[in-house]
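S.K.: With the first letter of the sequence shown counted as 1, position 161 gets the number 149 in my numbering; the numbers rise by one all the way through.
Source of the hints: derived by calculation from the structure; they are not laboratory data.
Backbone N, C-alpha and C fix where the C-beta goes; we use that ideal spot for every residue, glycine too.
A couple of the hints might just be wrong.
[As the list claims (entries may be wrong)] Result set (SDA-like, lysine to any residue): computed pairs, CA atoms no more than 25 Å apart in a straight line:
| hint | residue 1 | residue 2 |
| --- | --- | --- |
| 1 | Lys148 | Ala176 |
| 2 | Lys97 | Pro30 |
| 3 | Lys148 | Lys234 |
| 4 | Lys97 | Val72 |
| 5 | Lys148 | Trp54 |
| 6 | Lys148 | Leu198 |
| 7 | Lys97 | Asp58 |
| 8 | Lys234 | Gly224 |
[Unchecked claim] Beta-carbon label-pair distances, calculated as ranges:
| hint | residue 1 | residue 2 | range |
| --- | --- | --- | --- |
| 9 | Pro98 | His223 | 52 to 58 Å |
| 10 | Asp10 | Glu191 | 38 to 44 Å |
| 11 | Glu66 | Arg179 | 21 to 27 Å |
| 12 | Met84 | Thr218 | 48 to 54 Å |
| 13 | Ala17 | Met84 | 29 to 35 Å |
| 14 | Gln192 | Glu236 | 17 to 23 Å |
| 15 | Ala157 | Pro98 | 42 to 48 Å |
| 16 | Ala102 | Gly230 | 25 to 31 Å |
| 17 | Met84 | Thr213 | 38 to 44 Å |
| 18 | His242 | Gln113 | 41 to 47 Å |
| 19 | Arg179 | Gly230 | 18 to 24 Å |
| 20 | Gln51 | Glu191 | 23 to 29 Å |
| 21 | Gln113 | Gln192 | 30 to 36 Å |
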Amino acid sequence: MSAPTGGFHVLLIEDEAVLALDLTDILEAEGYTVVGPVASGPEALELFRQQPVDLLLCDVRLQGPWNGIDTAQRLLAERVVPLVYLTALADRDTLMQALGTMPAAYLTKPVSVAGLRAAIEVARQSSSNPPAPQPPAPSPRPTGEAREILLRRDDYIYLKYNYQFVRLALGDIVVLEADNTSTIVVTAGPRYSLRLSLAAILEQLRYPSLVRVHRSFALNLAHVTAFSDTEAIAHGISVPLGRQYKGEFLRHFHA
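Working from the sequences, and respecting the hints, build out all of it.
M.R.: Right, dumping it as structure tokens:
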């Protein structure tokens, strides 16, 4: 691997004190600058806001108000950096939830020096040289609603697009369209696909202007330019009005 320098900062989030000290020694011996270590999500967020951080090394099973996955979500909502998880558990549910935050690696304890070194190098390389975009390929049907995690900060969400998170203002969403096991987020520019049901997205966002108008569609009322008894037009896109949703849609318009 290329020799790291002290200019590469690793935020270590680990609540086992002995392990945190061991990992600190390993990282410093490899030439990295360790930020922390810290033992909780709120401490990590405070350091993340105050100091340069190039990579997160985070235990999934943190004690305290946020577990490791919660902590990663909150930090990545601030800014996107590569993420490597540490955990003593490797059950499927935990793995699927952790993978929703797009980690570069997922290491099961006890972690070897070689494994940790390789994981950090992969994270560094993927961050500096993201793979070229490839045509979408069919995916196996995911199980459960914890298939993808929405990152949100104020009136913005962060979506995975071309191997990175991109920021999208909620007000820029024009239409949400259910597509089998995914939902298409339609804007005036790019379209994004989320591996979440339409109902799950609306429940997570709770954005008043996004209203469900059909079994397969929700739209942003701010973009509606015309509507009839059977359809609404938003940014030039025709969306059907379902019979059971029409009353809720019309409730937002006053005489």
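S.K.: Can you give the numbers of the hints that this structure goes against, from lowest to highest?
M.R.: 3, 12, 16 and 18
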